[in-house]
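Going down the list, the sequences are from chains W and X. Numbering-wise, the first sequence is residues 916 to 1316 according to the numbering used here. Numbering-wise, the second sequence is residues 20 to 347 according to the numbering used here.
Just so you know, the hints here were simulated from the structure itself, not pulled from any lab data. Warning: the hint list may mix true and false statements.
[Said to hold, decoys possible] With beta-carbon atoms standing in for the labels, derived distance ranges: (1) Leu1244/W / Glu83/X: 55 to 63 angstroms; (2) Glu83/X / Asp1099/W: 52 to 60 angstroms; (3) Val1044/W / Val171/X: 29 to 37 angstroms; (4) Leu1279/W / Ala329/X: 30 to 38 angstroms; (5) Ala1290/W / His221/X: 33 to 41 angstroms; (6) Leu1179/W / Arg177/X: 37 to 45 angstroms; (7) Val330/X / Ala1212/W: 19 to 27 angstroms.
Using N, Cα and C, we set each Cβ at its ideal position, and we do this for glycine too.
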Amino acid sequence: MIDPMFEEALRILTFQSGFNSAVVVAGTAALGLAGGTVGTFLLLRRRALVSDALSHATLPGIAVAFLVGAALGLPERSLPLLLAGAVASGVVGLLTVQALSRFTRLTEDSAIGAVLSVFFGLGVVLLSVIQNLELGGQAGLKTFILGQTAAMAQGEAIAIGLLAAGAALAVALLFKELRVLAFDPGFAAVQGWPVGALDLALMGLATLVTVIGLQTVGLILVVALLIIPPAAARFWTDRLPALTLIAAVIGALSGWLGATLSALLPKLPAGAVIVLVAGGFFLLSFLFAPARGLVAAALRQGRLRLTFAERRALTDLLDGRPAESSVALWLRLRGYIQDGALTAAGQTAARAAARDRRLWERFLADYPALLPAHANWGVDPIDSVLPGDMVRLLEERSAPS
Amino acid sequence: MMPDVQEFLQIDAPALLAAVLACAACALVGNFLVLRRQGMMGDAVSHAILPGIVGGFLVAGTRETLPMMLGALAAAALAGLLIEAVRRLGRLESGAAMGVVFTVMFAAGVVMIEQASAGGIDLDADCVLYGQLETILWLAPTGWASLADPAVWAALPREVLTLAAVFALCVALVGLFYKELKITTFDPALASTLGIPAGLFHYGVVLLVAATAIAAFEAVGSILVIAMLIAPPAAARLLTDRLAAQILLSVALGVLAALVGYGAAAFGPMLLGASHSLNAAGMIAVASGLILALAVLFGPRHGLLGRRRAVGRLRAAPGFVAPEAQKP
Chain W
916 MIDPMFEEAL
926 RILTFQSGFN
936 SAVVVAGTAA
946 LGLAGGTVGT
956 FLLLRRRALV
966 SDALSHATLP
976 GIAVAFLVGA
986 ALGLPERSLP
996 LLLAGAVASG
1006 VVGLLTVQAL
1016 SRFTRLTEDS
1026 AIGAVLSVFF
1036 GLGVVLLSVI
1046 QNLELGGQAG
1056 LKTFILGQTA
1066 AMAQGEAIAI
1076 GLLAAGAALA
1086 VALLFKELRV
1096 LAFDPGFAAV
1106 QGWPVGALDL
1116 ALMGLATLVT
1126 VIGLQTVGLI
1136 LVVALLIIPP
1146 AAARFWTDRL
1156 PALTLIAAVI
1166 GALSGWLGAT
1176 LSALLPKLPA
1186 GAVIVLVAGG
1196 FFLLSFLFAP
1206 ARGLVAAALR
1216 QGRLRLTFAE
1226 RRALTDLLDG
1236 RPAESSVALW
1246 LRLRGYIQDG
1256 ALTAAGQTAA
1266 RAAARDRRLW
1276 ERFLADYPAL
1286 LPAHANWGVD
1296 PIDSVLPGDM
1306 VRLLEERSAP
1316 S
Chain X
20 MMPDVQEFLQ
30 IDAPALLAAV
40 LACAACALVG
50 NFLVLRRQGM
60 MGDAVSHAIL
70 PGIVGGFLVA
80 GTRETLPMML
90 GALAAAALAG
100 LLIEAVRRLG
110 RLESGAAMGV
120 VFTVMFAAGV
130 VMIEQASAGG
140 IDLDADCVLY
150 GQLETILWLA
160 PTGWASLADP
170 AVWAALPREV
180 LTLAAVFALC
190 VALVGLFYKE
200 LKITTFDPAL
210 ASTLGIPAGL
220 FHYGVVLLVA
230 ATAIAAFEAV
240 GSILVIAMLI
250 APPAAARLLT
260 DRLAAQILLS
270 VALGVLAALV
280 GYGAAAFGPM
290 LLGASHSLNA
300 AGMIAVASGL
310 ILALAVLFGP
320 RHGLLGRRRA
330 VGRLRAAPGF
340 VAPEAQKP
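Please build the complete structure, drawing on both the sequences and the hints.
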């Protein structure tokens, strides 16, 4: 029961399950890749949710385009026309958000909320008009809301893949400009960068990713492609090139695995499956990423506590005070004490710890403002944090007179 | 061709009542979201409750309101905790944290719905998104005269009664804690020094929004909930500078949007000669958007045209020296 399904999954994953499904899976992976790269800069620019307004605002455009197509007598729903409508109304929604937050006293979050709900409401009204007109081909419109890969034609998947690759390439070409825009727009403006145009380019790329993602992921969840991969990548690194790459990889993997899963389970909406896969990557990163993940942070904290307790117990022992039993056990394991007394190695370690502590206390008392931001004073060996002449000065000052 | 009285009372009146109550309740609590710059919280909550609703539905096995509401409330609380955890532990900005949490929870809800409907259960994502105003029926009244009978009122549909209760709860809580809400909204630091727990009120507002959204979504759908939480308070904010006036105005505008929107959806096509009505929840959202647009343009002091007029008055005032004339 499981085996044939597993083999099928393997075939789809390795692009061996027929040309059509391979194209759909590859196209969705490219979409995820584009979402990750473009989303990285949206996240850093704190514009992540603007794309939510954008994606909801595409619905009335899709509906109007469908009506126009029907009025022109086009036989089937024509995807380029629908997507052109989506772009048009999405851009109108985007501009409305910017105008509301720039020219009125409303804040951006209110502008986003108002635009996304009102535009989506308009789209829903137009959909009910279409329903009443009883035109053919309208069933396809619903797939834009929650997404469907099964209905994707080869040509559509190829187009999506190419456009997505283009968006990712554009980010790569504009990398330097987008970087300065993301971290210091004021500086960028002073240096003569066209900040407004760059912002426009970034939102244009977001629009592109959103619109080509409508069919696969659906307009309610397409924002997840732009937000989740970079948010997950944020746990792995603090450097922008690495962040962008990791976000791209997570996005591509989400698209690839998600499209495979939804090919296996055609009843489930593809968008939801892809988003859940991306959510899984986020959870993994949140917990286990070495740089900022929860487990890594807890381990670091634990190691810090242990080192601190060890050093305190050693200095206590040197002064003749006994160590706590739990710490004593640890010191015995490290070979620092035997039968309640310090060993030779323990003596050395204890003296080093006592010297560190004495010098750190002197330093904090005399130069509290000079404490380096990342130093764990009292735990890190002072020679590895402060320059040699400062340590010598502290030695002189703290020498017992 | 106008509908007869009985049809109006049985079909349109309960839907209208539900819409009005939902809009009033959402607009009331929405004021604090708008002022606290948390407009997206309504969006996040109304998406994130989906798995809770489906879960409650699956556990109870019926379309009873209570288990679904409990599930939704649990999901809303979970979403709040997760957003806060992702924001703090992941050091992400709150917008991104919301975006991660609500999309994943909504996706989980969509998958749960599809699984459930595979088992032949009647629940789909559509009714969560657009609500089902049109299915709220009040079969008791037979004409205007029957409204004098208390038994007719006792037979009001469940959705209307729930919404009335939630609206009353919102009014009571906002009235009771008006002073505290005001000070924690505008100056949380001052509130803390005065001994008012600003953090507690923050979560209180979020929870009240969640409760309102949950009560309203069943009747009007999550999209209209978001529109009503934001658009009427935002419009009112452009019309006045006083909190009390803003709150009253926002409720009035919400009710107006409900009336205009429902009227346009139910009777508009009929006046144009078409036989079907349009989606009422969507139309109400559009009406609230139009109201907001009017406020943006014509608000007396903060509207775009009003501001231009004020600048013009300044320029015309005696003693005005144009900036370009001041340059040496």
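Cross-check of the supplied hints:
no.	hint	verdict
1	Leu1244/W / Glu83/X: 55 to 63 angstroms	holds, 57 angstroms
2	Glu83/X / Asp1099/W: 52 to 60 angstroms	holds, 55 angstroms
3	Val1044/W / Val171/X: 29 to 37 angstroms	holds, 35 angstroms
4	Leu1279/W / Ala329/X: 30 to 38 angstroms	violated, 57 angstroms
5	Ala1290/W / His221/X: 33 to 41 angstroms	holds, 35 angstroms
6	Leu1179/W / Arg177/X: 37 to 45 angstroms	holds, 41 angstroms
7	Val330/X / Ala1212/W: 19 to 27 angstroms	violated, 53 angstroms
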